[in-house]
Amino acid sequence: MFSVQQGNHMTISAANLRRALFSLLLLAFCANAPAFAAAGSAGAMPWWGWPLSLFVVCFFLGIVAVPAGVGGGVLFVPIVGGFFPFHLDFVRGGGLMVALASALAASPGLLRLGLASLRLALPLSLLVAVSQIAGAMLGLILPAAIAQTALGVIILGIVALMWTAKKAEVPGIQKADPLSAALRINGIFHDTARGQDIEWLVHRTPMALVTFVFIGILAGMFGLGAGWANVPTLNLLMGVPLKVAAGSSSLILSMTSSAAWVYINQGAILPMIVVPSVIGMMMGAMIGVRLLRVVKASAIRQMVIGMLLFAGLRALLKGLGIWL
Amino acid sequence: MTDPHKYASPEQLRYAKVLSLGVQTGFLILVVSFILYMAGVLTPLVPVDQLPNYWGLSASEFAKATGTPTGWAWLALIGKGDVLNLLGIVVLASVSAVSTLAVLPIFARRGDWAHVAISVLLVLVLAVSAANVLH
Chain B
1 MFSVQQGNHM TISAANLRRA LFSLLLLAFC ANAPAFAAAG SAGAMPWWGW
51 PLSLFVVCFF LGIVAVPAGV GGGVLFVPIV GGFFPFHLDF VRGGGLMVAL
101 ASALAASPGL LRLGLASLRL ALPLSLLVAV SQIAGAMLGL ILPAAIAQTA
151 LGVIILGIVA LMWTAKKAEV PGIQKADPLS AALRINGIFH DTARGQDIEW
201 LVHRTPMALV TFVFIGILAG MFGLGAGWAN VPTLNLLMGV PLKVAAGSSS
251 LILSMTSSAA WVYINQGAIL PMIVVPSVIG MMMGAMIGVR LLRVVKASAI
301 RQMVIGMLLF AGLRALLKGL GIWL
Chain X
1001 MTDPHKYASP EQLRYAKVLS LGVQTGFLIL VVSFILYMAG VLTPLVPVDQ
1051 LPNYWGLSAS EFAKATGTPT GWAWLALIGK GDVLNLLGIV VLASVSAVST
1101 LAVLPIFARR GDWAHVAISV LLVLVLAVSA ANVLH
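Note that the protein sequences, when read in sequence, are chains B and X.
In terms of the working numbering, the first sequence is numbered consecutively and its last residue is 324.
In terms of the working numbering, the second sequence is numbered consecutively and its last residue is 1135.
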């Protein structure tokens, strides 16, 4: 194990910490090698090995999720779906609960700091909540092979999006569109990096509302959470400052539990999968927040893109029956 | 950063307060119920050592094979170790709707009827999805 010391002296350089983090991730995956090798043949490991493996994997996913700027769900579903013996229904249910729990834990603090906007999130959440129900119901009736294949394609699409997406720290919209003006969607936050308060407005609200309907369907269908799509839409399309976009994305995730309800009601939430995952991810995220201060976020992001590429290919090949 | 009202509106602060309380309650229930489940204090509906035989099935096949209740029927089996865990999950899934209801009076007092309507619709959508009336 390692410790991070801050203050007068730092005992571990960022490069060493990156290496240590990467080694630990490899170790976590190696520790679970029997589980991965036996995917599909549940008898190869005692029952308690699975929730323990899930906890360990989710703990490390939680560590990298925060610096990489992604929610837990988008990492959880392809990795657990690809390498654990659980049916995709339970994996998607678990993914939705992991995404929901992470967003719920973060949202109160973000709201108090003005880094998430309730006025911005409310109308978007309404549309996402409705479309998530349709997505979740569709996801639960899709044959597993088709769902796996589609998941692989979506994950590879997310990899392309993460690789190419630009970011605008503070887009500086000068004129709000009529709808956002009527709903008074605007705000102010303190940017500690710049040392100043930043006021913001949004534009293209009707186009964003339509986009969020599609995001909700995909999120509900695959249990992915939606931070990977929310943040670029809020930031690049609506012109929300990046920090507020990330915070409001989390708030939207926390407000839209409709898909989770569909999975709960269909019996697709298995406590033995959900609880170790949620606890592991939350504990990992606490360390991830600390790591964010000492490691280069872009390096973690590249590593996560690599993990998603691998997991996306695995889901695609598993769905096509090439790599079972 | 001394005045919280500079960066967060009164409705945001109330939403955050209710949400924080609900999330802490939900996590506490989730962790305690899982400890009870793992420790075998309460007999589970599906024995833990039998789970690997079933978790590769789809949700509907799993429910049929194990007799796991769907919808809200789990409430009748809340004394079972595994079913009890759903209580914490349900609290976490409900807390945003409760927080949204808590800010309604603030929107209404200000005459902000657009946000009152959006909030009510959001809570209705969540209630419909929770009520298990959609099939």
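The set of hints was computed from the structure by calculation and includes no laboratory data.
Treat the hints with care, as some may be off.
Far from chain X, by Cβ distances over 12 Å, these chain B residues were calculated [as the list claims (entries may be wrong)]: (1) Arg92; (2) Ala165; (3) Arg184; (4) Val262; (5) Val289; (6) Gln302.
Sample of chain X residues facing chain B (criterion: CB under 8 Å; computed from the structure) [unchecked claim]: (7) His1005; (8) Leu1028; (9) Thr1043; (10) Leu1126.
For glycine and all other residues, C-beta sits at the position ideal for the given N, C-alpha and C.
Each hint tested on the structure:
1. Arg92: Incorrect as stated: the minimum Cβ-Cβ distance to chain X is 9 Å, not above 12 Å.
2. Ala165: 27 Å, holds
3. Arg184: 8 Å, violated
4. Val262: With a cut-off of 12 Å, valine 262 of chain B comes too close to chain X, as the shortest Cβ separation is near 6 Å.
5. Val289: 17 Å, holds
6. Gln302: Non-interface label stands for glutamine 302 of chain B: nearest chain X Cβ at 32 Å, farther than 12 Å.
7. His1005: Check failed: Cβ of histidine 1005 of chain X comes no nearer than 10 Å to chain B, outside 8 Å.
8. Leu1028: 12 Å, violated
9. Thr1043: 14 Å, violated
10. Leu1126: Holds, because the Cβ-Cβ distance from leucine 1126 of chain X to chain B comes to roughly 6 Å (cut-off 8 Å).
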